[in-house]
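Just so you know, the sequences run in chain order P and U. Its first residue numbered 1, the first sequence is counted upward by one per residue in our numbering. Its first residue numbered 1, the second sequence is counted upward by one per residue in our numbering.
Among the hints, erroneous ones may be present.
Stated by the list, open to error - Label-pair distances were calculated between CB atoms; the ranges are:
(1) D132/P - K97/U: 24 to 34 Å
(2) E198/P - S62/U: 54 to 64 Å
(3) Y76/U - I47/P: 31 to 41 Å
(4) W37/U - S61/P: 28 to 38 Å
Stated by the list, open to error - A few chain P residues facing chain U, derived, Cβ under 10 Å:
(5) Q8
(6) S100
(7) R102
(8) K205
(9) A224
(10) P303
(11) F304
FYI, nobody ran anything at the bench for these hints, they're computed from the structure. Predicted model only: the values in this text are computed from it and were never measured. Every residue gets a Cβ at the ideal spot worked out from N, C-alpha and C, and that includes glycine.
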Amino acid sequence: MSEKGIPQRMSGNEAVAEAIRQINPDVMPAFPITPSTEIPQFVSSMISNGQIDTEFIPVESEHSSMSAAIGSEAAGARTLTATSSCGLAFMWEVLYVAASNRLPIMLELVNRALSGPININAEHSDSMGARDSGWLQIYAENNQEAYDNTLQAYRIAEHPDVKLPIMVCQDGFITSHAVENITLLPDEPVKAFVGQYEPEHYLLKEDESMAVGPYAISPYCMEAKRAQAQGMLNAKKVILEVAEEFEKLSGRKYGFYEGYQLEDAELAIVAIGSVCGTIKDAIDKLRDQGKKVGLLKVRVFRPFPGEEFAAALKNCKAVAILDRSEGYNAVGGPLGAEITAAMYRAKCTAQTVDIIYGLSGRDVKVSDVERVYDKLGKLAQGEDVFGAYPYLGLRSADASDCV
Amino acid sequence: MALSANKIDEHVVWQDVTEGLQMHEPATSKGFMTGQWRTNTPVWIKEKCKQCLLCVPYCPDSCILAKDNKRQEFDYDHCKGCGICVKACPFGAIEMKEGQ
Numbered sequence: 001m002s003e004k005g006i007p008q009r010m011s012g013n014e015a016v017a018e019a020i021r022q023i024n025p026d027v028m029p030a031f032p033i034t035p036s037t038e039i040p041q042f043v044s045s046m047i048s049n050g051q052i053d054t055e056f057i058p059v060e061s062e063h064s065s066m067s068a069a070i071g072s073e074a075a076g077a078r079t080l081t082a083t084s085s086c087g088l089a090f091m092w093e094v095l096y097v098a099a100s101n102r103l104p105i106m107l108e109l110v111n112r113a114l115s116g117p118i119n120i121n122a123e124h125s126d127s128m129g130a131r132d133s134g135w136l137q138i139y140a141e142n143n144q145e146a147y148d149n150t151l152q153a154y155r156i157a158e159h160p161d162v163k164l165p166i167m168v169c170q171d172g173f174i175t176s177h178a179v180e181n182i183t184l185l186p187d188e189p190v191k192a193f194v195g196q197y198e199p200e201h202y203l204l205k206e207d208e209s210m211a212v213g214p215y216a217i218s219p220y221c222m223e224a225k226r227a228q229a230q231g232m233l234n235a236k237k238v239i240l241e242v243a244e245e246f247e248k249l250s251g252r253k254y255g256f257y258e259g260y261q262l263e264d265a266e267l268a269i270v271a272i273g274s275v276c277g278t279i280k281d282a283i284d285k286l287r288d289q290g291k292k293v294g295l296l297k298v299r300v301f302r303p304f305p306g307e308e309f310a311a312a313l314k315n316c317k318a319v320a321i322l323d324r325s326e327g328y329n330a331v332g333g334p335l336g337a338e339i340t341a342a343m344y345r346a347k348c349t350a351q352t353v354d355i356i357y358g359l360s361g362r363d364v365k366v367s368d369v370e371r372v373y374d375k376l377g378k379l380a381q382g383e384d385v386f387g388a389y390p391y392l393g394l395r396s397a398d399a400s401d402c403v
Numbered sequence: 001m002a003l004s005a006n007k008i009d010e011h012v013v014w015q016d017v018t019e020g021l022q023m024h025e026p027a028t029s030k031g032f033m034t035g036q037w038r039t040n041t042p043v044w045i046k047e048k049c050k051q052c053l054l055c056v057p058y059c060p061d062s063c064i065l066a067k068d069n070k071r072q073e074f075d076y077d078h079c080k081g082c083g084i085c086v087k088a089c090p091f092g093a094i095e096m097k098e099g100q
């Protein structure tokens, strides 16, 4: 099916704001932080211009924006917020409250490095730190995916079998501020696709008393947490159903991951976000030279579709997992840990290496990716070419540190 | 299938608890036996009681109920044994006893 819609040029932040305009959510509490600041800024302008009737709540911190979002969502209002980096870190306590109370809030996360050194550029340490908070996490490679993921987010989060908050993630500046071509959808079909928010229980429901977030003693907490985990398990099916319906609307196909030249690939890279565009360029170049290289671009990280990822990598001889955040665990990054665990369970025999890249906005060039594939080829032959703790593009006195 | 809060006890399986342990009905605290927390117990000495009803509003847990302008026996299911009623009684008609 061909792509449908209206051609435009937009940054990732503009694209997300356009999706929000089309959704017209009920409430948006937010506090500005680079590089996500433009999102509440654009939404405020839309409200002032009468384009939407969202209630904007200016707050004094991100702890407050997430707390206000929890109150608003529990009251029965479709709610969203936006943040980055330290803003997300400041929400930490209440992220868990949002998830455990099963409140399908949407958070537009523009990924940025956590301090320190203090830095405002792209890194996944913010969302990766929140990976166990009970939020769904979906990542975009570019502005189009940030827009499309935003349109699908409420359908996934609010589904009765899921009822969990959702982070829609894109890379700070690289995606959020770079202007690219994009295909928008007309308002009416978008509104019909997203639909109205009609929760069964909510605080402002006239004929029902309700308590949200009660204290629970030990004999009940494990059962509550297991019930919450079921929402995450159920999300896999819902994500695919929503993607299928979205494809009918847009002509654009989504799943847990995008495989690029992956089917017959002997050497594969697994990565998240904007770097995947660069990797695809490198693949095109290397495929012209007859090299069987491919990419698994992770779209959905929470829930973690480990079985599906491992199945897609099963015929590879060597796999490099790129992590845009330090694990500081003396082993590697979080994506590397989870992908290799999934491959082990699926009895994959491919060699693997976890490579840290792009921290704090460090640029990744096509030549960097070519170097990874070149070394992966040697790893597939059994050569120990990667050091114990490799960084891509690192300056080091010890060559075994870097790729 | 999620049960109502009053039907959830320590034998209920995870499939039957409500999302986030939310409660969708009022007055569920009636089912919470806070009387089990009690270490000392107030005892009403009926012959000393003048039915002034001063103890009734003093009780922070509404465990002394009045009917036809007369106080009734303690609600020991919910009385935590704080002893405020003992202090409030001008006639020494409530005494604290050790234990449940």
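Item to check | Which numbered hints fail | outcome: Violated: hints 1, 2, 3, 5, 10 and 11.
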